[in-house]
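Chains as they are written, first to last, in my numbering: chain A, 1 to 276; chain B, 1 to 89.
One thing to keep in mind: the hints can contain errors.
[Claimed, not checked] SDA-like mimics (lysine to any residue), calculated; alpha carbons at most 25 Å apart, straight line:
#1 B/K62 / B/D52
#2 A/K252 / B/L43
#3 A/K239 / B/K62
#4 A/K109 / A/S15
#5 A/K252 / B/A8
#6 A/K246 / B/K62
#7 B/K89 / B/D28
#8 A/K252 / B/G82
#9 B/K35 / A/P108
#10 A/K239 / B/A8
#11 A/K252 / A/D221
#12 A/K246 / A/P108
#13 A/K246 / B/E81
#14 A/K246 / A/G210
#15 A/K246 / B/S58
#16 A/K239 / B/N34
#17 A/K252 / A/P137
#18 A/K252 / B/E81
#19 A/K252 / B/D52
#20 A/K252 / B/T2
#21 B/K80 / A/K252
#22 A/K246 / B/A38
#23 B/K35 / A/G249
#24 A/K246 / B/G10
#25 A/K246 / B/L43
#26 B/K35 / A/G210
#27 A/K239 / B/D52
#28 A/K252 / A/R205
#29 A/K252 / B/Y32
#30 A/K239 / A/H74
#31 A/K239 / B/H31
#32 A/K246 / B/I39
[As the list claims (entries may be wrong)] Going by beta-carbon spacing under 7 Å, a handful of chain B positions derived as facing chain A:
#33 T2
#34 D12
#35 Y32
[As the list claims (entries may be wrong)] Cβ-Cβ distance ranges computed for the label pairs, FRET-style:
#36 B/D52 / A/E38: 38 to 46 Å
#37 B/K80 / A/Q21: 55 to 63 Å
#38 B/K80 / A/F7: 27 to 35 Å
Rather than coming from a laboratory, the hints here were simulated on the basis of the structure. Keep in mind that this is a model prediction, so the values were computed, not measured. All C-beta atoms, glycine included, are put in the ideal place defined by N, C-alpha and C.
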Amino acid sequence: MIARSWFRRVTLCTSQPEIFQAIRYLECDPEVAAEPVEELTISVEPYRSYYRIVRNGELMREQMSAQGVTESLHAELMFLSLADFPSAPLIHAASVRRGGRRLLLVGPKGGGKTMLTLHLIREGYDVEGDENVFVTPDGVVPRPRGLRVKESAAPLLPHLTEILDAAPYYQSLPGFRIYNLDPRAAGASSWRIERGRADAVVLLRPNHGGWSSMRPLSSLDLVREVMQECGLPETGRAKAIGAIAKTIGNAKGFDLSLGELRGAVACLDRLCQELA
Amino acid sequence: MTDVLVRADGLDVNEVPDGYVIYQTAADRVHYLNKIAAIVFELCDGARGADDIVTRVSQMFKLEGKADAEIEDCIQSLLKEGLVLSDSK
Numbered sequence: 001m002i003a004r005s006w007f008r009r010v011t012l013c014t015s016q017p018e019i020f021q022a023i024r025y026l027e028c029d030p031e032v033a034a035e036p037v038e039e040l041t042i043s044v045e046p047y048r049s050y051y052r053i054v055r056n057g058e059l060m061r062e063q064m065s066a067q068g069v070t071e072s073l074h075a076e077l078m079f080l081s082l083a084d085f086p087s088a089p090l091i092h093a094a095s096v097r098r099g100g101r102r103l104l105l106v107g108p109k110g111g112g113k114t115m116l117t118l119h120l121i122r123e124g125y126d127v128e129g130d131e132n133v134f135v136t137p138d139g140v141v142p143r144p145r146g147l148r149v150k151e152s153a154a155p156l157l158p159h160l161t162e163i164l165d166a167a168p169y170y171q172s173l174p175g176f177r178i179y180n181l182d183p184r185a186a187g188a189s190s191w192r193i194e195r196g197r198a199d200a201v202v203l204l205r206p207n208h209g210g211w212s213s214m215r216p217l218s219s220l221d222l223v224r225e226v227m228q229e230c231g232l233p234e235t236g237r238a239k240a241i242g243a244i245a246k247t248i249g250n251a252k253g254f255d256l257s258l259g260e261l262r263g264a265v266a267c268l269d270r271l272c273q274e275l276a
Numbered sequence: 001m002t003d004v005l006v007r008a009d010g011l012d013v014n015e016v017p018d019g020y021v022i023y024q025t026a027a028d029r030v031h032y033l034n035k036i037a038a039i040v041f042e043l044c045d046g047a048r049g050a051d052d053i054v055t056r057v058s059q060m061f062k063l064e065g066k067a068d069a070e071i072e073d074c075i076q077s078l079l080k081e082g083l084v085l086s087d088s089k
């Protein structure tokens, strides 16, 4: 199976069915518009009473359980992604496209990015990612990763019940599964990730149980809010902040009070019409 | 000798449509200046004192002295945050 960072294509292999099932949680194979791409192979094999994780022939780590293997590989894939863009800030944002325009949906974990993204897929939007976007001077780069759907959200997605039942998942606590969902399995016609400009940046403010509404947000206020949802590199912060200011300064900014999803989708549809 | 206001060193100034986003390297802080504050900041060029800047901004926006206190507050904030410094000329 394949997992990705922007510049690395990682083949994950194992002879162990238990490990295969566990690390499918990390499977991610979109079409990525990146050149050049480095090929890596990470294998997981039993050795005595534990598992050895070997990267391109070199021992990387040893783990006692399938869950430990998944967690190690999850961390490794994140490190590979961060190494792709060491000086770029990383913001919590989903990235969706319609009519050649890209919208970033910025919000904290649990802020509704994935749920909204899944509904946008049903409405014909292309999705690039639901969680992280690097901000570089040459444009934004959604981090390749499958959509993460919490078990608690499944009852709100009846059209995906069978798909989620078959989807790989990670479970740290009983009753708290997180599914890994390929956007194509969720109904997207394709899954392509590109580097490019953000045409609009939409700040999501959860309004659970309420109506959805959207209003323009000034660039200055939007930069201030996005900085709250941003990880900055240890060095080169001035450039990183400059990249965020430039990206937001060149985009339209909005504040979306995210309540019922049909209304939220209507707000974004209208925005896309304005951008077209 | 007169006191003039001058922008501090070590600032990374980024313009957005409605103001400035300024990163202050030494303090590792980000400041958000609205349009008026950005203009005040620009006028702190080492050639003018606070009174002159208040007068110019007031004239620029045809405020006729009605917002002098607010403009002075803005200058004091920029001084307090270390974005501008007072210098003797």
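Here's how the hints hold up against the structure:
Restraint check for B/K62 and B/D52: the C-alpha separation of about 15 Å stays at or below 25 Å, so the hint holds. Of the pairs offered as hints, the one joining A/K252 and B/L43 is violated, with about 29 Å between alpha carbons and a cut-off of 25 Å exceeded. With a C-alpha separation of about 37 Å, the suggested pairing of A/K239 with B/K62 is violated against the 25 Å cut-off. At most 25 Å may separate the alpha-carbon atoms for a hinted pair to count; A/K109 and A/S15 exceed this at roughly 35 Å.
Taken as a hint, the A/K252 and B/A8 pair is broken in the structure, with Cα atoms around 31 Å apart against an allowance of 25 Å. For the given pair, A/K246 sits about 31 Å from B/K62 by alpha-carbon distance, which is inconsistent with the 25 Å threshold. The straight-line distance between the Cα atoms of B/K89 and B/D28 is roughly 30 Å, outside the 25 Å bound, and the hint therefore fails. Only pairs whose Cα atoms come within 25 Å are accepted, and A/K252 paired with B/G82 is rejected, the gap being roughly 31 Å.
Among the hinted pairs, B/K35 with A/P108 is inconsistent with the structure: their alpha-carbon atoms are about 29 Å apart, more than 25 Å. Between A/K239 and B/A8, the direct Cα distance comes to roughly 18 Å. Compliance with the 25 Å bound is thereby established for this hinted pair. The hinted pair formed by A/K252 and A/D221 meets the criterion: a straight-line CA distance of about 12 Å does not exceed 25 Å. Between A/K246 and A/P108 the alpha-carbon distance is near 22 Å, which keeps this suggested pair within the 25 Å criterion.
This hinted pair checks out: A/K246 and B/E81 have alpha carbons roughly 24 Å apart, not beyond 25 Å. Note on A/K246 and A/G210: the hinted pairing is violated, with a Cα-Cα distance of about 33 Å set against a maximum of 25 Å. Between A/K246 and B/S58, the direct Cα distance comes to roughly 30 Å. Violation of the 25 Å bound is thereby established for this hinted pair. With a C-alpha separation of about 21 Å, the suggested pair A/K239 and B/N34 falls inside the 25 Å cut-off, and the hint holds.
The straight-line distance between the Cα atoms of A/K252 and A/P137 is roughly 18 Å, inside the 25 Å bound, and the hint therefore holds. Only pairs whose Cα atoms come within 25 Å are accepted, and A/K252 paired with B/E81 is rejected, the gap being roughly 30 Å. Simply put, A/K252 and B/D52 have alpha-carbon atoms about 36 Å apart, too far for the 25 Å limit, and the pair is violated. About 44 Å separates the Cα atoms of A/K252 and B/T2, which puts this hinted pair outside 25 Å; it is violated.
For the given pair, B/K80 sits about 32 Å from A/K252 by alpha-carbon distance, which is inconsistent with the 25 Å threshold. Note on A/K246 and B/A38: the hinted pairing holds, with a Cα-Cα distance of about 17 Å set against a maximum of 25 Å. Taken as a hint, the B/K35 and A/G249 pair is honoured in the structure, with Cα atoms around 14 Å apart against an allowance of 25 Å. The hinted pair formed by A/K246 and B/G10 meets the criterion: a straight-line CA distance of about 19 Å does not exceed 25 Å.
Restraint check for A/K246 and B/L43: the C-alpha separation of about 23 Å stays at or below 25 Å, so the hint holds. The straight-line distance between the Cα atoms of B/K35 and A/G210 is roughly 34 Å, outside the 25 Å bound, and the hint therefore fails. Among the hinted pairs, A/K239 with B/D52 is inconsistent with the structure: their alpha-carbon atoms are about 34 Å apart, more than 25 Å. In summary, the hint linking A/K252 to A/R205 is supported, as the alpha carbons are separated by about 17 Å, within the 25 Å threshold.
Proximity of A/K252 to B/Y32 is assessed by CA-CA distance (about 18 Å); at most 25 Å being required, the pair is judged to hold. Between A/K239 and A/H74, the direct Cα distance comes to roughly 28 Å. Violation of the 25 Å bound is thereby established for this hinted pair. For a cut-off of 25 Å, the pair hint linking A/K239 to B/H31 stands: about 15 Å separates their Cα positions. For the proposed pair A/K246 and B/I39, the alpha carbon gap of about 19 Å is at most 25 Å, so the pair holds.
The beta carbon of B/T2 comes no nearer than 33 Å to any beta carbon in chain A, farther than 7 Å, and the hint placing it at the interface is violated. Hint status for B/D12 relative to chain A: holds, with the closest Cβ pair at about 4 Å, below 7 Å. Checking B/Y32 against chain A: minimum C-beta separation of about 5 Å stays under 7 Å; hint holds. Distance hint check for B/D52 and A/E38: the Cβ-Cβ separation is about 59 Å, which falls outside the suggested range of 38 to 46 Å.
One distance hint, 55 to 63 Å for the beta-carbon pair B/K80 and A/Q21, holds here, with the actual separation near 59 Å. The hinted window of 27 to 35 Å between B/K80 and A/F7 is violated, with their beta carbons roughly 45 Å apart.
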